[in-house]
Amino acid sequence: APYGDNASYFHPPVDRYERIEVLKGAGQVLYGPQTIGGVINYITPMPTEAFGGSITVTGGNREYGNVGLRLSGGGWLMDFTRRQGSGARDNTYSELTDLNVKKLLVIDERQAITFRANYFMEESQVTYSGITDAELRNFGARYNPFRNDYFDTRRTAASMTHQYNFSADTTLYTSLYAAYFSRDWWRQSSSTTDGQCGHTAARGLGQAVNPDTCNSAQGRLRDYFTWGIEPRLRTKWAAFGVTSELETGVRAHFEDQERRQVNASTPAGRSGALVEDNLRETQAYSAFFQNRFLLGDFTLSPGLRFESIRNSRTNRLPAAGAAGDDSLSQWIPSLGGTWQLEQATTLFAGVHRGFAPPRTEDIINTGGATTTTATFTNVGPELSTNWEIGARSSRIRNLDLQATAFRNDFSRLIAVGSIAGGGVNLSQGEALFQGFEFSGRYGSPTGLYSMAALSFLPTAEQSTAFREVVAGTVVNNSRAGNRLPYAPKQTATVAVGYATQGGLDAQIEMVHVGEQFADFANVEDAATATGLTSTQRNSGQFGKIDAFTIFNAAVNYRLPQYKVTVFLTVKNLADKVYIVDRTRGLLPGAPRLVQAGFRYDF
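Read left to right, the sequence shown gives residues 1127 to 1728 (this note's numbering).
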């Protein structure tokens, strides 16, 4: 539900994708509704007429197993994935199954239809709560006592894209899509300070807790239904001696969310008292265009997007009957340009409006009150002005480089409860991000090669204090000039590899993430910080997250005469213990993972 509730409860297995594209900058206005960070485009292979495919089998430590099957032929493509294994902590065993089908039907020389269908299922033993600093010291990073927690999802989706070629220069794409997603998450604790089981004090002191003594389990039950239609036209045209490439379209998009909470009275209960029953509906209409003026070595690409969104929320509990609705609209302009400095070097620059709509629950409370009432500070969309300037070049043989400087200036940045420690209430403020990104690759298809992706973010600043939407109070000692949480100054991924014509490809990779604050007050050490309660100091939700560096390695060996590739990967070679999050208590990064397998192509 990208408009009304964009929580990431589902992600498709990357195994079935041919490649992944990332689009940043002014071109984002062709997509949406979010136009801030970038667009990720997952691309599945095209079905083939000749029969073929592959089977991939992988196994590893922590009970890891993965079987993938791909079949293609007669215009059909089928991908099947079955994966299981334990996560980064105790009591986090997961099983998922994914089936994806794609059919390309060529009607005639002008028309073709692509059909897609997907079924996804996950059954996992996943908890929501992190751990405290004392639990980390006493029991280690893998500790998780909540063995009764359960996460179950089902997703069914289908889409159809009709392509009509009016001419060699003009094509209309019309997409219809629909998806149903169900998520049931039963858990006994949502954070280290959750009072559901009365374990807060014991956990803060690092004492072992037994969830079987807690006669409680909360079921957070969600059902999402999303559907829509989008025609999109791409054409080349010319006027006054200038050639242009135009992309334009409209979209109608609809979402229904059914949200319930059921409180059970036993540790592993899966039924009980209904305490929340909400219907949340979204209707969103978009229109967009971008025109590329081709001016010799220069291109100029103005664009514009319009979003009109209406949200409603109905409390369906007996005797409640509260309902409310709210609407917003936003123009999202952009302007990008490139200069072909020489055949192998391009300079680029752009500016565009960043936009992200608020969730339904952020603008309409359970009593039906909206942001237009006196009890709310106005909550609109996230808005920013995003600038970038950079260059990419392959002028030197076997060397590809790209560098970009960026500035994202937020007039409104929304902080929801999961963005920083201490159970932050819905808040908003002004913020500024600016920095530099670099990526490059050196090497030929065989021999030694290297790759690097670096980012430097010197500025990630709270331009104003962040304040709660309802009460207007400052959040957790937030103040102008403080650094925003979860914004490391440096991140780096650097890899060195060696490939041979004989089919060997070996690589070692370094991943570095700089230190981060976990809250708006920029608490360095929770144990000695002033302004925190004893519960907050012991919660694991406050304090700096130290920088960490891990190393990974992979070896692939292709045996073309047998159509087989064998591989071995080792992630976190040194089995380093590091922290990645403090939102609901400490969450550790993955331990050492050793996985090996083979792929057979036929």
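To be clear, the hints were calculated from the coordinates, so they are not data collected in a lab. Where hints are given, some of them may not hold.
[Unchecked claim] The calculated SDA-like cross-link candidates involving lysine to any residue, where the alpha carbons are at most 20 Å apart (straight line), are:
{"no.": "1", "residue 1": "Lys1670", "residue 2": "Glu1641"}
{"no.": "2", "residue 1": "Lys1615", "residue 2": "Glu1650"}
{"no.": "3", "residue 1": "Lys1150", "residue 2": "Glu1641"}
{"no.": "4", "residue 1": "Lys1362", "residue 2": "Leu1262"}
{"no.": "5", "residue 1": "Lys1702", "residue 2": "Leu1262"}
{"no.": "6", "residue 1": "Lys1670", "residue 2": "Phe1724"}
{"no.": "7", "residue 1": "Lys1697", "residue 2": "Thr1174"}
{"no.": "8", "residue 1": "Lys1689", "residue 2": "Gly1723"}
{"no.": "9", "residue 1": "Lys1615", "residue 2": "Ser1581"}
{"no.": "10", "residue 1": "Lys1702", "residue 2": "Val1600"}
{"no.": "11", "residue 1": "Lys1229", "residue 2": "Lys1150"}
{"no.": "12", "residue 1": "Lys1702", "residue 2": "Val1639"}
{"no.": "13", "residue 1": "Lys1229", "residue 2": "Leu1195"}
{"no.": "14", "residue 1": "Lys1702", "residue 2": "Glu1641"}
{"no.": "15", "residue 1": "Lys1670", "residue 2": "Tyr1612"}
{"no.": "16", "residue 1": "Lys1150", "residue 2": "Gln1528"}
{"no.": "17", "residue 1": "Lys1150", "residue 2": "Glu1563"}
{"no.": "18", "residue 1": "Lys1229", "residue 2": "Leu1298"}
{"no.": "19", "residue 1": "Lys1697", "residue 2": "Lys1615"}
{"no.": "20", "residue 1": "Lys1702", "residue 2": "Val1720"}
{"no.": "21", "residue 1": "Lys1150", "residue 2": "Asp1526"}
{"no.": "22", "residue 1": "Lys1229", "residue 2": "Asn1291"}
{"no.": "23", "residue 1": "Lys1689", "residue 2": "Asp1727"}
{"no.": "24", "residue 1": "Lys1362", "residue 2": "Asp1423"}
{"no.": "25", "residue 1": "Lys1697", "residue 2": "Asn1187"}
{"no.": "26", "residue 1": "Lys1697", "residue 2": "Ala1679"}
{"no.": "27", "residue 1": "Lys1362", "residue 2": "Thr1425"}
{"no.": "28", "residue 1": "Lys1229", "residue 2": "Thr1300"}
{"no.": "29", "residue 1": "Lys1229", "residue 2": "Asn1187"}
{"no.": "30", "residue 1": "Lys1702", "residue 2": "Leu1583"}
{"no.": "31", "residue 1": "Lys1229", "residue 2": "Pro1138"}
{"no.": "32", "residue 1": "Lys1615", "residue 2": "Gly1569"}
{"no.": "33", "residue 1": "Lys1697", "residue 2": "Ala1283"}
{"no.": "34", "residue 1": "Lys1689", "residue 2": "Gly1199"}
{"no.": "35", "residue 1": "Lys1229", "residue 2": "Thr1174"}
{"no.": "36", "residue 1": "Lys1697", "residue 2": "Phe1724"}
{"no.": "37", "residue 1": "Lys1150", "residue 2": "Ala1613"}
If you're wondering where the values come from, they're calculated on a predicted model, not measured in any experiment.
Going down the list of hints, with the structure as the test:
Proximity of Lys1670 to Glu1641 is assessed by CA-CA distance (about 7 Å); at most 20 Å being required, the pair is judged to hold. With a C-alpha separation of about 16 Å, the suggested pairing of Lys1615 with Glu1650 holds against the 20 Å cut-off. Using a Cα cut-off of 20 Å, the hinted pair Lys1150 and Glu1641 is violated, with the two alpha carbons roughly 25 Å apart. About 60 Å separates the Cα atoms of Lys1362 and Leu1262, which puts this hinted pair outside 20 Å; it is violated.
Restraint check for Lys1702 and Leu1262: the C-alpha separation of about 14 Å stays at or below 20 Å, so the hint holds. Our distance criterion of 20 Å between C-alpha atoms is broken by Lys1670 and Phe1724, whose separation comes to about 41 Å. With a C-alpha separation of about 34 Å, the suggested pair Lys1697 and Thr1174 falls outside the 20 Å cut-off, and the hint is violated. Of the supplied pair hints, the one linking Lys1689 and Gly1723 holds, its CA atoms being roughly 14 Å apart against a limit of 20 Å.
Our distance criterion of 20 Å between C-alpha atoms is met by Lys1615 and Ser1581, whose separation comes to about 8 Å. Proposed proximity of Lys1702 and Val1600 is contradicted: the alpha carbons are some 37 Å apart, above 20 Å. Proximity of Lys1229 to Lys1150 is assessed by CA-CA distance (about 30 Å); at most 20 Å being required, the pair is judged violated. Using a Cα cut-off of 20 Å, the hinted pair Lys1702 and Val1639 holds, with the two alpha carbons roughly 13 Å apart.
Simply put, Lys1229 and Leu1195 have alpha-carbon atoms about 17 Å apart, close enough for the 20 Å limit, and the pair holds. Annotation: proposed proximity of Lys1702 to Glu1641 holds, straight-line Cα distance about 16 Å (limit 20 Å). At roughly 10 Å between alpha-carbon atoms, Lys1670 and Tyr1612 fall within 20 Å of each other, so this suggested pair holds. Pair hint Lys1150 plus Gln1528 holds up; C-alpha atoms about 13 Å apart against a cutoff of 20 Å.
The hinted pair formed by Lys1150 and Glu1563 meets the criterion: a straight-line CA distance of about 12 Å does not exceed 20 Å. For the hint linking Lys1229 to Leu1298, the alpha-carbon distance of about 19 Å falls within 20 Å, and the restraint holds. The straight-line distance between the Cα atoms of Lys1697 and Lys1615 is roughly 24 Å, outside the 20 Å bound, and the hint therefore fails. Among the hinted pairs, Lys1702 with Val1720 is consistent with the structure: their alpha-carbon atoms are about 14 Å apart, no more than 20 Å.
Proposed proximity of Lys1150 and Asp1526 is supported: the alpha carbons are some 18 Å apart, at most 20 Å. Proposed proximity of Lys1229 and Asn1291 is supported: the alpha carbons are some 19 Å apart, at most 20 Å. Under the criterion of a C-alpha separation no larger than 20 Å, the hint pairing Lys1689 with Asp1727 is consistent with the structure, at around 5 Å. Taking the CA atoms of Lys1362 and Asp1423, the gap is about 18 Å. The hint holds against a cut of 20 Å.
For the suggested pair Lys1697 and Asn1187, the alpha carbons sit about 11 Å apart, so the restraint of at most 20 Å is met. For the hint linking Lys1697 to Ala1679, the alpha-carbon distance of about 6 Å falls within 20 Å, and the restraint holds. A distance of roughly 14 Å separates the Cα atoms of Lys1362 and Thr1425; the hinted pair therefore holds under the 20 Å criterion. Using a Cα cut-off of 20 Å, the hinted pair Lys1229 and Thr1300 holds, with the two alpha carbons roughly 16 Å apart.
The suggested pairing of Lys1229 with Asn1187 is violated, with an alpha-carbon distance near 37 Å, which exceeds 20 Å. Restraint check: the Cα-Cα separation between Lys1702 and Leu1583 comes to about 25 Å, which exceeds 20 Å; the hinted pair is violated. Taken as a hint, the Lys1229 and Pro1138 pair is honoured in the structure, with Cα atoms around 19 Å apart against an allowance of 20 Å. This hinted pair does not check out: Lys1615 and Gly1569 have alpha carbons roughly 29 Å apart, beyond 20 Å.
For the given pair, Lys1697 sits about 33 Å from Ala1283 by alpha-carbon distance, which is inconsistent with the 20 Å threshold. In summary, the hint linking Lys1689 to Gly1199 is supported, as the alpha carbons are separated by about 18 Å, within the 20 Å threshold. Restraint check for Lys1229 and Thr1174: satisfied, since their Cα atoms lie roughly 10 Å apart, inside the 20 Å limit. Between Lys1697 and Phe1724, the direct Cα distance comes to roughly 18 Å. Compliance with the 20 Å bound is thereby established for this hinted pair.
Taking the CA atoms of Lys1150 and Ala1613, the gap is about 19 Å. The hint holds against a cut of 20 Å.
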